[in-house]
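A.B. asks: Work out the full structure, taking the sequences as your base and the hints as a guide.
Sequence lines, in order, name chains C and R. Take the first sequence: its letters are residues 24 to 606, numbered as in the numbering used here. Take the second sequence: its letters are residues 24 to 606, numbered as in the numbering used here.
Calculated from the structure, these hints are not laboratory results. Hints should not be assumed to be uniformly reliable.
In silico DSSO-like cross-links for lysine-lysine, where the CA-CA straight-line distance does not exceed 30 Å [said to hold, decoys possible]: (1) 35/C x 199/C; (2) 457/C x 35/R; (3) 25/R x 25/C; (4) 443/C x 32/R; (5) 198/C x 517/R; (6) 28/C x 78/R; (7) 78/R x 86/C; (8) 35/C x 443/R; (9) 556/C x 78/C; (10) 198/C x 556/R; (11) 199/C x 587/R; (12) 78/C x 120/R; (13) 78/C x 587/R; (14) 443/R x 78/C; (15) 120/R x 120/C.
To list a few chain C residues with every Cβ distance to chain R over 10 Å, as calculated [what the hints assert, rightly or not]: (16) 107; (17) 110; (18) 160; (19) 399.
Where a beta carbon is used, it is the ideal one built from N, C-alpha and C, also for glycine.
Listed below, chain by chain, are the residues.
2 protein chains.
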Amino acid sequence: MKISKLVGKRVKETPNNATIKSHILLLRAGYIKQVGAGIFSLLPPAQRVSLKIQKIIREEMNKIGGQEVLFPVVMPRELWDMSGRYSSIKEEMVRFKDRTGHDMLLGMTHEEAAVHMMMNTATSHEDLPVMIYQIQTKFRDEARPRGGLIRVREFTMKDAYSFHTSQEDLDVYYKKVYDTYIRIYKRLGFKNFVVVEGDNGIMGGKVSHEYMEVTDVGEDSLVICPKCGYSSNMEVAVSVKDENDHTIAGEKEEVFTGNAHTIEEVCKFLEIDAKHTAKAVCYKTATDGKLVIAFLRGDHEINESKLAKQVKSELEAVDVEEEFSLPAGNIGMLNLNVPEGSHIFFDLSLKGLENLVTGANKKDFHIKNVSMTRDLPDVNYVDISLVKQGEKCVRCGETLNLTRGIEIGNIFQLGTKYTKAMGMKVNMPDGSAKEPIMGCYGIGIGRCLASIVEEKADDKGLIWPMTIAPWQVYLCPLRLDNENVSAIADELYKKMEEAGMEVLFDDRNVSAGIKLTDSELMGMPIRVVISPKTLSNGTAEVTMRGNEKEPLFIPIGELIPELKVMIQDEIDDIEEYANGKNN
Amino acid sequence: MKISKLVGKRVKETPNNATIKSHILLLRAGYIKQVGAGIFSLLPPAQRVSLKIQKIIREEMNKIGGQEVLFPVVMPRELWDMSGRYSSIKEEMVRFKDRTGHDMLLGMTHEEAAVHMMMNTATSHEDLPVMIYQIQTKFRDEARPRGGLIRVREFTMKDAYSFHTSQEDLDVYYKKVYDTYIRIYKRLGFKNFVVVEGDNGIMGGKVSHEYMEVTDVGEDSLVICPKCGYSSNMEVAVSVKDENDHTIAGEKEEVFTGNAHTIEEVCKFLEIDAKHTAKAVCYKTATDGKLVIAFLRGDHEINESKLAKQVKSELEAVDVEEEFSLPAGNIGMLNLNVPEGSHIFFDLSLKGLENLVTGANKKDFHIKNVSMTRDLPDVNYVDISLVKQGEKCVRCGETLNLTRGIEIGNIFQLGTKYTKAMGMKVNMPDGSAKEPIMGCYGIGIGRCLASIVEEKADDKGLIWPMTIAPWQVYLCPLRLDNENVSAIADELYKKMEEAGMEVLFDDRNVSAGIKLTDSELMGMPIRVVISPKTLSNGTAEVTMRGNEKEPLFIPIGELIPELKVMIQDEIDDIEEYANGKNN
Numbered sequence: 024m025k026i027s028k029l030v031g032k033r034v035k036e037t038p039n040n041a042t043i044k045s046h047i048l049l050l051r052a053g054y055i056k057q058v059g060a061g062i063f064s065l066l067p068p069a070q071r072v073s074l075k076i077q078k079i080i081r082e083e084m085n086k087i088g089g090q091e092v093l094f095p096v097v098m099p100r101e102l103w104d105m106s107g108r109y110s111s112i113k114e115e116m117v118r119f120k121d122r123t124g125h126d127m128l129l130g131m132t133h134e135e136a137a138v139h140m141m142m143n144t145a146t147s148h149e150d151l152p153v154m155i156y157q158i159q160t161k162f163r164d165e166a167r168p169r170g171g172l173i174r175v176r177e178f179t180m181k182d183a184y185s186f187h188t189s190q191e192d193l194d195v196y197y198k199k200v201y202d203t204y205i206r207i208y209k210r211l212g213f214k215n216f217v218v219v220e221g222d223n224g225i226m227g228g229k230v231s232h233e234y235m236e237v238t239d240v241g242e243d244s245l246v247i248c249p250k251c252g253y254s255s256n257m258e259v260a261v262s263v264k265d266e267n268d269h270t271i272a273g274e275k276e277e278v279f280t281g282n283a284h285t286i287e288e289v290c291k292f293l294e295i296d297a298k299h300t301a302k303a304v305c306y307k308t309a310t311d312g313k314l315v316i317a318f319l320r321g322d323h324e325i326n327e328s329k330l331a332k333q334v335k336s337e338l339e340a341v342d343v344e345e346e347f348s349l350p351a352g353n354i355g356m357l358n359l360n361v362p363e364g365s366h367i368f369f370d371l372s373l374k375g376l377e378n379l380v381t382g383a384n385k386k387d388f389h390i391k392n393v394s395m396t397r398d399l400p401d402v403n404y405v406d407i408s409l410v411k412q413g414e415k416c417v418r419c420g421e422t423l424n425l426t427r428g429i430e431i432g433n434i435f436q437l438g439t440k441y442t443k444a445m446g447m448k449v450n451m452p453d454g455s456a457k458e459p460i461m462g463c464y465g466i467g468i469g470r471c472l473a474s475i476v477e478e479k480a481d482d483k484g485l486i487w488p489m490t491i492a493p494w495q496v497y498l499c500p501l502r503l504d505n506e507n508v509s510a511i512a513d514e515l516y517k518k519m520e521e522a523g524m525e526v527l528f529d530d531r532n533v534s535a536g537i538k539l540t541d542s543e544l545m546g547m548p549i550r551v552v553i554s555p556k557t558l559s560n561g562t563a564e565v566t567m568r569g570n571e572k573e574p575l576f577i578p579i580g581e582l583i584p585e586l587k588v589m590i591q592d593e594i595d596d597i598e599e600y601a602n603g604k605n606n
Numbered sequence: 024m025k026i027s028k029l030v031g032k033r034v035k036e037t038p039n040n041a042t043i044k045s046h047i048l049l050l051r052a053g054y055i056k057q058v059g060a061g062i063f064s065l066l067p068p069a070q071r072v073s074l075k076i077q078k079i080i081r082e083e084m085n086k087i088g089g090q091e092v093l094f095p096v097v098m099p100r101e102l103w104d105m106s107g108r109y110s111s112i113k114e115e116m117v118r119f120k121d122r123t124g125h126d127m128l129l130g131m132t133h134e135e136a137a138v139h140m141m142m143n144t145a146t147s148h149e150d151l152p153v154m155i156y157q158i159q160t161k162f163r164d165e166a167r168p169r170g171g172l173i174r175v176r177e178f179t180m181k182d183a184y185s186f187h188t189s190q191e192d193l194d195v196y197y198k199k200v201y202d203t204y205i206r207i208y209k210r211l212g213f214k215n216f217v218v219v220e221g222d223n224g225i226m227g228g229k230v231s232h233e234y235m236e237v238t239d240v241g242e243d244s245l246v247i248c249p250k251c252g253y254s255s256n257m258e259v260a261v262s263v264k265d266e267n268d269h270t271i272a273g274e275k276e277e278v279f280t281g282n283a284h285t286i287e288e289v290c291k292f293l294e295i296d297a298k299h300t301a302k303a304v305c306y307k308t309a310t311d312g313k314l315v316i317a318f319l320r321g322d323h324e325i326n327e328s329k330l331a332k333q334v335k336s337e338l339e340a341v342d343v344e345e346e347f348s349l350p351a352g353n354i355g356m357l358n359l360n361v362p363e364g365s366h367i368f369f370d371l372s373l374k375g376l377e378n379l380v381t382g383a384n385k386k387d388f389h390i391k392n393v394s395m396t397r398d399l400p401d402v403n404y405v406d407i408s409l410v411k412q413g414e415k416c417v418r419c420g421e422t423l424n425l426t427r428g429i430e431i432g433n434i435f436q437l438g439t440k441y442t443k444a445m446g447m448k449v450n451m452p453d454g455s456a457k458e459p460i461m462g463c464y465g466i467g468i469g470r471c472l473a474s475i476v477e478e479k480a481d482d483k484g485l486i487w488p489m490t491i492a493p494w495q496v497y498l499c500p501l502r503l504d505n506e507n508v509s510a511i512a513d514e515l516y517k518k519m520e521e522a523g524m525e526v527l528f529d530d531r532n533v534s535a536g537i538k539l540t541d542s543e544l545m546g547m548p549i550r551v552v553i554s555p556k557t558l559s560n561g562t563a564e565v566t567m568r569g570n571e572k573e574p575l576f577i578p579i580g581e582l583i584p585e586l587k588v589m590i591q592d593e594i595d596d597i598e599e600y601a602n603g604k605n606n
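C.D. replies: Below, the structure is given as structure tokens:
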């Protein structure tokens, strides 16, 4: 490809509204262009990366028996009514009426379509296990698209669905996909990723894992044990809570706290530490508007995902004074007067504590010296707080690391939620009919592309792993007005293409500065510079992107075979890493 | 691939609602499954064909400098407001509001997105010509989806857009794409297709061509000259009208025709031939409701596409009595009293005619002996009738053939409609700024898949060309309960895969009848049968699909190399045909 004809311009300036590395660089290097909020076009270099990512994913999915199919983007309501998700998924799902007035939707995920395909297709236990997958466009109407390709509304996704006759069979296959995903990310060039226990969200089911690229710009909070490997999304992470005061409580005592409402204010007013308080966090259920109050130690934060699971409903903000006549800022664990059907929870962080300050359920007052064991002996403690910095691993006791990550893939055990809802059964050897147990497995292509940029790129530009680089070589002749340079550049370009290399040929007659800067911005793994100076020694200057300080000077006559070796070495390194030989 | 695990079941029965060959066979052979009206899932065999079609298209588009990109399926209204198509395209385009209330749409085509990508990307004449293309999902809310994959609402399409600084440059490139398309269809295995002049419809622009698979089940009417190669979509086809009565007219005379209103009734009543009448066909314009009357010879039919172009509006049905107080069935060319702004047209078929019968514009009466030259000397004749069987080629005078076809692709010269509307300009050498001239080029993947079935399949099932077959070989051991058969089959399967062949292995222990029938239904190009009988001679029976009557018996030891030669020969034949060496 000649850069003079390549669609996409490089720009120097950091684009407006772009704050994270991958977003800035992909825009600046001419890889993507925004069409709307969370909607992008891919220019040729990005589409080349995307196709290479897809190819690797296909190879790996096929290796574990995956059969590629294609589901529709647009589906009729009926299919999603069967699973109940037509109504349970809110505004994230796009709905519209077709010209006949029929309710249609844009698929956010394809469990229903997968079961629809397998119904009457797999009818016997002998037809299972089976895994089908597709690579297709999805649209999710995200409330807050951000970060370029990191969180978009429209994206290309590989989604896969497996069907099994027993939990054991699913477990075996799930592990296979688990390992295959690791191989996929390694082949794409990822090094800095972890697998964490995940939250199942709208998918249903119990076991799930998320593949997380560890990076400060990630939206997800992760909890990782550096010793035993325990790793989890914060939404479902557990921990050993830190030590606290378990000395016997004094007498309960109501104290005036006036306008001190937040934990900070109360602690300041009473001159105590937040860990000696029990705070109340209030919501209402999205399903039926019931009051939800969670009590937790004052220095802990509520984990809304866990709390939502306790009440089996999304949570909404509540104005407790307006809606439930409760004294906001003074709500406490004792003498709490709430309507029937309200949900009251006590977090594990409170277990066994003494001498706590809590609201008095009375304007301007708190109560001191509350004892969980003496005053609330019958409480059922649940885990509804976020893991805190400094807490210990429940498995090995090591201090946990808190970090952030981008979810680059996920795998779920779905159980029989969809097959049962849609009435899919297979005949078993004993003559009975059984709903197959499903797994589902997703990878967002564009998010992988952006995440690898987050991991690799430097302050000069993109750095692509050899396996997914748009082109392997950036051929960069300087001084194309020099006839010798021009003739040799043309010949090298021709020979490189004939040798099967993927070459981006900078055929512009512009300054060396522009060319070298662009080569770094665009990120091809190998750069070949020829100039009157290098040619005076009969060589080309070859550098690896990210390692420009260590050039090799290779005689022109040996260049093509040398480059072939370098390319293959890079690929071999990545493949060996993926095969676990150098882990 | 082992057929026991292949997703998709073969069925004997013709499915309900399926009437055409490709629809019936693709359903019966387990290639597709319907999800909604005009919406299908592709099962693994169909997806394999689709990917092979895409690969060939990519190769050919890349050869002529195409750069692959990806546009979004969902676009914001603003982009389509710029071209005016947000309002000009009617219910075929899906519109919806996103969660913020923003107007969004599903792309039916991507001219706007292509210009959006090129704006500020190609800024100089030196950046052009350039062609970008994508392979992506489209949704068009067709009023009458039908025929399986022939006319669907959701489909995968290759759409390409080229940008040029002059009409001459577009003409040169357009011809390149024209030829490339012929190569593509030939490589896909098509033999029975023609290129016809097309109608530009909603795309704008002037020159266009349609690639038509010639088949009785096609929705389009085609006009083809068997001598000089003139070929056209009926919508825009022209012809030399047949001879007629040009003798001098007698005196005009009003005659009572009573309830005779249609041309057939009037002719019967007056005992004359339809070619001696002038009939009126009435519409109103969709844009502003003006009356449109087209007069044409009684034995000709109106060409609504041509008429719509004359009035620059879609046409709607009209009740002339109710809405315009005209005597339906008695409307004629003389003394016609219509509101100002009405459109009156006279078809070429009436030119120079004498002694015509036409309505008297008076209930129950017609007029005889009307002379076009004497009574309507100032008429401007236009071409608004369909080409009729028996009419002659305007180029060479040969009698034209009328036939039907499926549109498998199209190419358009768009002019500057979109670049002008969206304000895209490039700097020219003389310092001026110019709107680039565009071409656009489409191929529907699924429709190609179904059309090749229409061309090739026989009454037993599908027949795939080697270049796009899901698998090249159907390995069909009979009597798998026989240990010798079973062992040799397993070994052959392994060796074939090792040799890089694509093999569908019928590993089921079912009757020979089921296996042979399924092999014919599924349509792989080569079938290899082994059985106790063939093995007793040390051979396998090899047949080509569609030519089962001429089996080859090949010694097992020579089978693999022989099959490799057969596969390569088939591919070579198709490639040679595509390269024009055996045309």
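A.B. asks: Sort out which numbered hints this structure fails and list those numbers smallest first.
C.D. replies: 1, 3, 9, 10, 11, 12, 14 and 18
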